[in-house]
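Visitor: Letter by letter, the chains look like this.
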Amino acid sequence: MNLNEELKKIIVKDLFLEDITWDQIEDDAPLFGEGLGLDSLDAVELVVIIQKHFNVEIKDMDEGRVAFQSINSLASFIRERQTS
Amino acid sequence: MTEKPQARQWTSRSIGSTFQHNIFYVLIRTGGWRLAYFILHFVVLYYILFRPAVRKRCSYYLSRRFPAEKSFRRLVSSYRLSLELGKILIDRAVVGILGVDRIKALFNDREILLDLISEGKGVIFLMAHVGSWQVALSALHFLKIPVNMVIHREEGDIDRHYFEHQSMEWPYRVIDPEGFLGGTLEMMEALKKGEALCIMGDRIFGNLKNALGVRFLGENALFPFSAMKIASTSGAPVVVLFPYKAGATGYGLKLAKVIRVPAGQGRSGEQFLPYLEEYVRALEKFTMEYPFQFFNFYDMWKTPYVN
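As they're listed, the protein sequences go chains A and B.
When we follow numbering that gives the first Met the number 0, the leftmost residue of the first sequence carries the number 0, and every step to the right adds one.
When we follow numbering that gives the first Met the number 0, the leftmost residue of the second sequence carries the number 0, and every step to the right adds one.
Everything labelled a hint here was simulated from the structure, so no lab data went into it.
All clues stand as given, with none of them false.
Among the chain A residues that face chain B by a calculated CB cut under 7 Å, a handful are: (1) L14; (2) F15; (3) L40; (4) E44; (5) D59.
Glycine included, each C-beta is placed from N, C-alpha and C at the ideal position.
Take these sequences, add in the hints, and give me the full structure.
Guide: Spelled out as structure tokens, the structure:
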């Protein structure tokens with residue numbers, strides 16, 4: 000299972016998304032607002048989820064702005080932090 | 000998923016003009032708070048008698064708090080409510096113009112707060128638009144941790160915070176709830192560092208789906224559960240704090256409740272309802288004790304429901 004797929008499954012399960020399945024999430028669709036439709040409170044949860052599953056910390060708003068654009072950007076952020 | 004309608008029906012803009020505010024600043028400089036209070040009585044009387052929009056703004060809350068009141072009593076209550084708000088705005092300016100020591104702010108629960116802070120998970124001060132939070136926060140200087148205030152200031156908001164009168168440094172960091180992702184990442188960052196986060200729990204920002212209907216003063220009103228969600232995720236305790244004006248130059252800060260929200264509450268807001276209820280019950284109790292110190296001048300009971 001690649002990282003993008005793993006992320007999608009984790010997001011659907013841990014954020015309790017009920018009206019979408021993991022394979023309906025597009026790699027480059029925005030996570031927040033239009034697209035997957037997550038909101039600001041989901042962002043709070045997502046920070047914790049990423050730390051729990053990947054041991055990667057999203058420390059501040061600047062990092063969140065980069066990481067939380069799409070599944071692709073989140074996967075890139077995690078890869079980058081895990082290798083550095 | 001579709002976006003729900005936006006929730007904000009209130010405004011932080013003052014009803015007075017910049018000129019009117021400046022007159023009061025001059026009165027404070029020349030005659031102190033007593034002169035400003037004296038003039039305020041007439042100004043408020045004018046607004047209550049000749050500005051129906053001001054009476055209407057007062058009526059949303061007063062009609063729930065005092066449902067049996069008839070027209071004359073309602074007029075008197077509108078006057079008292081507006082007068083209290085005016086006094087609080089004057090006090091804020093007094094602190095800025097004449098110095099912080101002009102107003103005494105008392106807080107009796109220092110030990111409880113210090114214990115909560117020593118847990119190292121930060122602390123969420125869940126407040127409301129009551130009393131004067133700017134003045135009351137000065138009672139928390141003993142905490143010695145940075146304070147982050149979640150506030151949004153609209154363009155055209157001419158009320159000055161006390162520290163703006165003397166171009167002082169802001170005594171707290173501001174997190175704008177209308178910023179990126181509602182400022183939630185900054186809030187989490189602050190709590191992770193063990194800092195204090197002040198959130199107003201009685202007004203909704205952003206999406207209505209982050210709010211729940213809770214009975215308040217006899218009718219359902221919408222309250223945001225964001226603070227409870229952040230507490231659940233971060234492990235930070237929620238401390239319900241209500242500042243109140245106590246006498247001409249004194250303020251108190253009431254620690255009404257400490258709420259612990261367990262982790263793993265899920266995405267739906269319903270799980271947060273019991274914790275939100277605790278906050279709303281505490282707020283309701285406050286309005287019983289200080290009926291003319293609740294300053295939400297919009298119809299928070301008529302916000303469209305989503306749950």
